[in-house]
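The whole structure should be built from the sequences, with the hints applied where relevant.
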Amino acid sequence: DTAVSQTPKYLVTQMGNDKSIKCEQNLGHDTMYWYKQDSKKFLKIMFSYNNKELIINETVPNRFSPKSPDKAHLNLHINSLELGDSAVYFCASSQGLVVEQFFGPGTRLTVL
Amino acid sequence: GIQVEQSPPDLILQEGANSTLRCNFSDSVNNLQWFHQNPWGQLINLFYIPSGTKQNGRLSATTVATERYSLLYISSSQTTDSGVYFCAVERGSGYALNFGKGTSLLVTP
Chain G
1 DTAVSQTPKY
11 LVTQMGNDKS
21 IKCEQNLGHD
31 TMYWYKQDSK
41 KFLKIMFSYN
51 NKELIINETV
61 PNRFSPKSPD
71 KAHLNLHINS
81 LELGDSAVYF
91 CASSQGLVVE
101 QFFGPGTRLT
111 VL
Chain B
1 GIQVEQSPPD
11 LILQEGANST
21 LRCNFSDSVN
31 NLQWFHQNPW
41 GQLINLFYIP
51 SGTKQNGRLS
61 ATTVATERYS
71 LLYISSSQTT
81 DSGVYFCAVE
91 RGSGYALNFG
101 KGTSLLVTP
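Those protein sequences? They're chains G and B, same order as listed.
Residue numbers for the first sequence follow the numbering used here, so the first one is 1 and each next one is one higher.
Residue numbers for the second sequence follow the numbering used here, so the first one is 1 and each next one is one higher.
Source of the hints: derived by calculation from the structure; they are not laboratory data.
Where hints are given, some of them may not hold.
Claimed, not checked - Partial selection, computed: residues in chain G whose CB lies under 7 Å from chain B:
hint	residue
1	P8
2	V12
3	S39
4	K41
5	L43
6	I45
7	L97
8	V98
9	E100
10	F103
11	P105
Unchecked claim - Derived EDC-like pairs (lysine to aspartate or glutamate); straight-line CA-CA distance at most 16 Å:
hint	chain 1	residue 1	chain 2	residue 2
12	G	K41	B	E5
13	G	K71	G	D38
14	G	K36	G	E82
15	B	K54	G	E100
16	G	K52	G	E24
17	B	K101	B	E5
18	G	K41	B	D10
19	G	K44	G	E24
20	G	K36	G	D85
21	B	K101	G	D38
22	G	K67	G	E24
23	G	K67	G	E100
24	G	K71	G	E53
25	G	K52	G	D30
26	G	K52	G	D70
27	G	K44	B	E5
28	G	K40	B	D10
29	G	K19	G	D70
To be verified - Here are some of the chain B residues that sit facing chain G, going by a computed Cβ distance under 8 Å:
hint	residue
30	N31
31	S51
32	Y73
33	K101
All C-beta atoms, glycine included, are put in the ideal place defined by N, C-alpha and C.
Set out below in structure tokens:
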């Protein structure tokens, strides 16, 4: 009965590889987000989607591409991984745009 | 963008003690949330509190929106309260949460 789930939980990969992180929510929410938590634990928005439409695209390299196949899913694809991409990536969801957000468990990405 | 400042940055308490964490923000907000990130990295919702006061067990929170601050009270702290407490606000322009740098809390037996 997990509300917001992410797969995988851990991801270790080599520089230059392409990887994807999947996010699913079963709360019936219409808005989903990706946040990045760096090594100093600072959390920052990357993207948000409302009803499958992109509404926020912060200053994130083009190598990061979100995809929302339906309102319950928001996946993050990363091309040509770099050392600096190592971080914890959190997916979140909300019903509407100015309401409480709920976070997934995070995906710890390590680029070697 | 909006600035979110949390204090203190670090706090060590003995089990049973009380504490107050503060969050100041630089502009009016539509949404304010408090989170606890436990030692396993999970972000747990504590309060959704754009204004007013709420209580949940040993925790309570107050947001004074007109004065641009929020307080999180932890009473009778337990070792399981250890972790990082984040305040996050949303201004209505973009709908993303802007996080503070957190208060790292360690509760010792």
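Restraint check for K71 (chain G) with E53 (chain G), where alpha carbons must lie at most 16 Å apart: holds, 9 Å
Per-residue hint verdict: Y73 (chain B), partner chain G, C-beta under 8 Å: violated, 20 Å
Hint check, L43 (chain G) versus chain B [nearest Cβ-Cβ separation less than 7 Å]: holds, 4 Å
Chain G contact restraint for N31 (chain B) - C-beta distance below 8 Å: At about 6 Å, which falls below the 8 Å cut-off, the nearest Cβ of chain G leaves the hint on N31 (chain B) intact, so it holds.
Per-residue hint verdict: L97 (chain G), partner chain B, C-beta under 7 Å: holds, 4 Å
Agreement of K67 (chain G) and E100 (chain G) with the hint, judged by alpha carbon distance not exceeding 16 Å: violated, 22 Å
Interface hint for S39 (chain G), Cβ within 7 Å of any Cβ on chain B: Violated. Min distance 13 Å.
Proposed interface contact between V98 (chain G) and chain B, which counts if any beta carbon pair is under 7 Å: holds, 5 Å
16 Å Cα cutoff - pair K67 (chain G), E24 (chain G): Measuring from Cα to Cα gives roughly 12 Å; hence the hint holds.
Minimum beta-carbon distance criterion (8 Å), K101 (chain B) to chain G: Holds: closest Cβ of chain G sits about 6 Å from K101 (chain B), inside 8 Å.
16 Å Cα cutoff - pair K54 (chain B), E100 (chain G): holds, 15 Å
Pair hint outcome, K44 (chain G) versus E5 (chain B) [Cα-Cα no greater than 16 Å]: Holds. K44 (chain G) to E5 (chain B) sits at ~14 Å (cutoff 16 Å).
Figure legend: structure checked against the earlier numbered hints; hints not met, in rising order: 1, 2, 3, 13, 19, 23, 29, 31, 32.
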